[in-house]
Amino acid sequence: MKQFVKGLISFQRSPWEAVASVLIALGVLMLMQPFYLVIFTYSFSVILTGTVMYLICSHFKD
Amino acid sequence: MLKLLVNKLALKTPRGVSKHVRGLSDKKLAWLFVSPTIILLLAINIFPLLWTIYLSFTNYRVNRPNRDVKWIDLRNYERILSDSDIWQTMQATAHFLVSTLVIQVLIGFTLAFLINKKFKGNDLLTTLIVLPMMLSPAVVGNFWTFLYQPQIGLFNYAISFFSGVDASSFSMIGDVHLAPWAIVIVDTWMWTPFVMLICLAGLRSIPDSIYEAAECDRASQWRQFWTITIPMVLPFLMLAVLFRGIENFKMFDLVVQLTGGGPGSLTTLSSIDLKREAFEKWKTGYSSAYAVILFVTVFGLASIYVKALNKVKDR
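Chains R and H supply the protein sequences, listed in that same order.
Per our numbering, residue 1 is the first one in the first sequence, and the count goes up by one each step.
Per our numbering, residue 1001 is the first one in the second sequence, and the count goes up by one each step.
These are computed hints drawn from the structure, not numbers from a lab.
Quick reminder that beta carbons are idealized off the backbone N, C-alpha and C, glycines included.
Honestly, I wouldn't trust all of these hints.
From the derived model, a few chain R residues whose C-beta atoms are all more than 12 angstroms from chain H [what the hints assert, rightly or not]: (1) GLY7; (2) SER10; (3) PHE11; (4) SER14.
Taking lysine to aspartate or glutamate pairs in the EDC-like style, the calculated list, with each CA pair at most 16 angstroms apart, reads [stated by the list, open to error]: (5) H:LYS1120 to R:GLU17; (6) H:LYS1311 to R:GLU17; (7) H:LYS1120 to H:ASP1085.
All chains, full assembly: derive it from the sequences and hints.
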């Protein structure tokens, strides 16, 4: 965990990619869940944030 | 003849142009040859995408070309993401996507595992299994509509034969509970061979020597399956899931032909809904925003999936 936070602070690729992947997966789950319309409403923002973050952090150094 | 033509062309080239071309470096020449393809790709791929993103922020309607096009910020996105019908459509798409992927991977891998064993008629059986994949979705949709007919359909009779339920007592396409599964069954019938072929390629790429070494170490068949077969086929399986996932996310023709999105809007997948918004209701700006949402979703999912695939391959 400490290593992960350290990686985030020093802008390493893998921890940032992991965060972006979790955001995308979470967004897709929010988009397709059958429980609350409010969650569906915010799903696209989460997916877009994750995707843009993924595109940016894939250019970070490993 | 050709040499003559080339000579003639060379003589006709203006002196200034020929001198300029002769002075180009290899890198510049390479760019010169590749540039028509790049321009074409930009024109047919990137430009429509950028144009769609622009339209998604406007109230443009393609059937009213003379109306003023107004920039309406994020209003289209707000409307789509608070629409309960679109939410329903997303759930139908998720049901279709998850069900087809799980069933196709399970059956496809099992078939590949069985076909990989050497037996008489192996090639003929592979050809027969692969046949549905070669048919057009419109044809498949059409004849499965006949197979699903409650009165004359073979499917209902087969179910009746095995379960004893009256054949005309249920309608696969008309029933609220059965219709989502009707499209899953047809897609599975059509595309499981594709998953099977990819798994078969993976299974055939495993060298026999690994199994022989495992035999020497007295590893059981079950152990060999979990520690050799599955890890080595996994990248191929993931590739099959990626291809089928992207294809099924934009599934249109087969479902339109089979159920037309019904009963009600129960089997209306997001691509069908998008087509209706764009070309039946003519809400171009609105449907552009819808398309952008679907694009970003698939793009994001594919990105993390490709990352996972590379990790498995590097292992």
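To see whether the hints hold, each was checked on the structure:
no.	hint	in the structure
1	GLY7	16 angstroms, holds
2	SER10	20 angstroms, holds
3	PHE11	18 angstroms, holds
4	SER14	10 angstroms, violated
5	H:LYS1120 to R:GLU17	49 angstroms, violated
6	H:LYS1311 to R:GLU17	13 angstroms, holds
7	H:LYS1120 to H:ASP1085	53 angstroms, violated
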